[in-house]
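Trainee: So the chains spell out like this:
Protein chains: 2
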Amino acid sequence: MKIRTICVPKVCVQFNQPMLSEKITTHLVKLKQKKYREEFGEFVVEGLKGVEEALHYGEVVLILIEGNRRDEPEFVGMIKKAETKQVDVEFLGRKDIGPIKTTDTFPGVLAVCERMDVSPDDVINGKPIIFLDRIKDPGNLGTIIRTADWFGIQNIILSEESVDPYNEKVVRSSMGSMFRTKIFESGHGVNTLESLKKQGYTIIALTMNGKPIKMLKSSPKTVYVFGSESHGVSQDVLNVCQEKISIEGRGDAESLNVAVSVGIVLSYYMIHAL
Amino acid sequence: MKIRTICVPKVCVQFNQPMLSEKITTHLVKLKQKKYREEFGEFVVEGLKGVEEALHYGEVVLILIEGNRRDEPEFVGMIKKAETKQVDVEFLGRKDIGPIKTTDTFPGVLAVCERMDVSPDDVINGKPIIFLDRIKDPGNLGTIIRTADWFGIQNIILSEESVDPYNEKVVRSSMGSMFRTKIFESGHGVNTLESLKKQGYTIIALTMNGKPIKMLKSSPKTVYVFGSESHGVSQDVLNVCQEKISIEGRGDAESLNVAVSVGIVLSYYMIHAL
Chain A
13 MKIRTICVPK VCVQFNQPML SEKITTHLVK LKQKKYREEF GEFVVEGLKG VEEALHYGEV
73 VLILIEGNRR DEPEFVGMIK KAETKQVDVE FLGRKDIGPI KTTDTFPGVL AVCERMDVSP
133 DDVINGKPII FLDRIKDPGN LGTIIRTADW FGIQNIILSE ESVDPYNEKV VRSSMGSMFR
193 TKIFESGHGV NTLESLKKQG YTIIALTMNG KPIKMLKSSP KTVYVFGSES HGVSQDVLNV
253 CQEKISIEGR GDAESLNVAV SVGIVLSYYM IHAL
Chain B
13 MKIRTICVPK VCVQFNQPML SEKITTHLVK LKQKKYREEF GEFVVEGLKG VEEALHYGEV
73 VLILIEGNRR DEPEFVGMIK KAETKQVDVE FLGRKDIGPI KTTDTFPGVL AVCERMDVSP
133 DDVINGKPII FLDRIKDPGN LGTIIRTADW FGIQNIILSE ESVDPYNEKV VRSSMGSMFR
193 TKIFESGHGV NTLESLKKQG YTIIALTMNG KPIKMLKSSP KTVYVFGSES HGVSQDVLNV
253 CQEKISIEGR GDAESLNVAV SVGIVLSYYM IHAL
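Protein sequence lines, in the order shown, are assigned to chains A and B. For the first sequence, our numbering assigns the number 13 to the initial residue and increments by one for each residue that follows. For the second sequence, our numbering assigns the number 13 to the initial residue and increments by one for each residue that follows.
Since the hints were derived computationally from the structure, they do not count as laboratory data. Just so you know, not all the hints are guaranteed correct.
Repeated chains share a single entry, so a pair holds when one copy, or any two copies, can fit it.
[Claimed, not checked] Okay, derived cross-link-like pairs now, DSSO-like style, lysine-lysine, Cα gap no bigger than 27 Å in a straight line:
1) 226 to 256
2) 44 to 113
3) 113 to 181
4) 223 to 210
5) 194 to 139
6) 139 to 226
7) 107 to 46
8) 139 to 229
9) 139 to 233
10) 229 to 61
11) 229 to 194
Bound-form chain A, shown alone (with noise of 0.2 Å):
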């Protein structure tokens, strides 16, 4: 059931005490695991940026407001855009807060938005394609989704086994930035690959003994593969890969972040496409 036909009428703006329908709340509730995010094919975002992103490049639902907070001059601007979109605004009590916030202290304000609906062909469109091989930490995800989005790079895969790109951390810290992006969900990671590969694309994996990457020479039509912090690019996927890269380093650490490692290459792929 999506979360528009259990909306409550308009008319609850007006009350002096603020109060969520229950109904709502369990839905909300529910929002935070995956499997109802795919039922219902919603997802949350906390936070006044990342809801003004939303309303400005994604399908939001609903807006959630503290109730408390609706006369301040950003909460007023965004119940002004939100009916402009015709997206219904609902205002908080401090009880309502409680069970649905998804961060320790409540930002003020929360969007209910529709997930996006992501072909393999939405992410092939001749630019760079970051492919993400089992990436499970969802602070790393949204900043990698982040920094692509810095970088104007809007073409994501993710492998199987991969977060939920719509997991509430991923949502924050990729800080609006998946309301640009087109994240395609792969089930089967090696079989997207091969088909990029018969595309025309190069397949090159961030690995730690590949070239290094002051030599990366490469066309848009490229995929960036990088695998998880604890074990890199899989074996499976690194035969389907042509080229290999490195981030050459000089002290003892044992690896990278993830999301440092995308932002390098990333940079360097920026110098050689101009």
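Chain B: place on chain A using the hints.
Mentor: Coordinates of chain B only, in the frame set by chain A:
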């Protein structure tokens, strides 16, 4: 009071029912707070990798291992190494873990370490220095330390109002790298930078309106200044900086994660310093 003085005799290693003394439990719980970490001059590192690095590069006072995992090969090896280094090892019963652990899932081992005593002179060795202006997020600081270590840069200065580098989340996300870096906590960042300038260092800040980073021609005697994500480099610090550089983006993301930015800047330093 240091934990050394409250350590129970070695015989507890033989207990069939592993159990921590209340004094040690209380001490470890206190170490979750900055004021006690400062008072005792100690901090906690959790997890196999971190404790291994601590044993190798740091000053470990006490190691605590989950009792029912003491026969696992990695812990047997660790106990042996601790003996060689004359570090006390104790074992934890299931009930001991709850109050002292700093992660949801206890990774089986933690160590109490002595804080490093870093003076300004320790970070002035003619090599690059990373200066962090009011970085508050512990995960970001830990990742920056790890990234610096990867690129062989050991000198880090924190301005006033920064997160405590001995915070458990910083320690954890540094992945052991904090034992190989020297972190000087400056009480007055601007004064520290002025003094470095007098000693011939070039002070370069990463900002949103600097020269493109590919124009970076850096010498080893450089201080790279990074600001917090929410506020950037503060004006008083900027006034001391001689150059401003930027990482060029192409998308709509408002900013890059600060740890990602450090990684990109240091990878450029590496290329130009070779």
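Trainee: Are the hints correct? Go through all of them and say.
Mentor: Structure-based check of all given hints:
Both within a single protomer and between protomers do residue 226 and residue 256 lie at most 27 Å apart by alpha-carbon distance, with minima of 12 Å and 23 Å respectively. In this assembly of identical chains, the alpha carbons of residue 44 and residue 113 lie at most 27 Å apart whether taken from the same copy (9 Å) or from different copies (25 Å). Taking CA atoms no more than 27 Å apart as the test, residue 113 paired with residue 181 passes in both settings, with 12 Å inside one copy and 22 Å between copies. When the C-alpha separation of residue 223 and residue 210 is checked against a cutoff of 27 Å, the pair qualifies only within one copy, where the shortest distance is 24 Å, while the shortest distance between copies is 40 Å.
Taking the closest pair of Cα atoms, residue 194 and residue 139 come within 27 Å of each other only inside a single copy of the chain (12 Å); across copies the shortest separation is 42 Å, beyond that limit. For the identical chains of this complex, residue 139 and residue 226 are neighbours both inside a copy (20 Å) and across copies (22 Å), given an alpha-carbon limit of 27 Å. Taking the closest pair of Cα atoms, residue 107 and residue 46 come within 27 Å of each other only inside a single copy of the chain (25 Å); across copies the shortest separation is 32 Å, beyond that limit. In this homomeric assembly, residue 139 and residue 229 come within 27 Å of each other (Cα to Cα) only inside a single copy, at 15 Å, whereas the closest approach across copies is 30 Å.
Proximity of residue 139 to residue 233 under the C-alpha cut-off of 27 Å is restricted to the intra-copy arrangement: shortest distance 5 Å within a copy versus 39 Å between copies. Taking the shortest alpha-carbon separations for residue 229 and residue 61, neither the intra-copy value of 36 Å nor the inter-copy value of 36 Å comes in at or below 27 Å. In this assembly of identical chains, residue 229 and residue 194 lie within 27 Å of each other by CA distance solely inside one copy; the values are 25 Å within and 36 Å between copies.
The structure fails to meet hint 10 from the earlier list, while all remaining hints are met.
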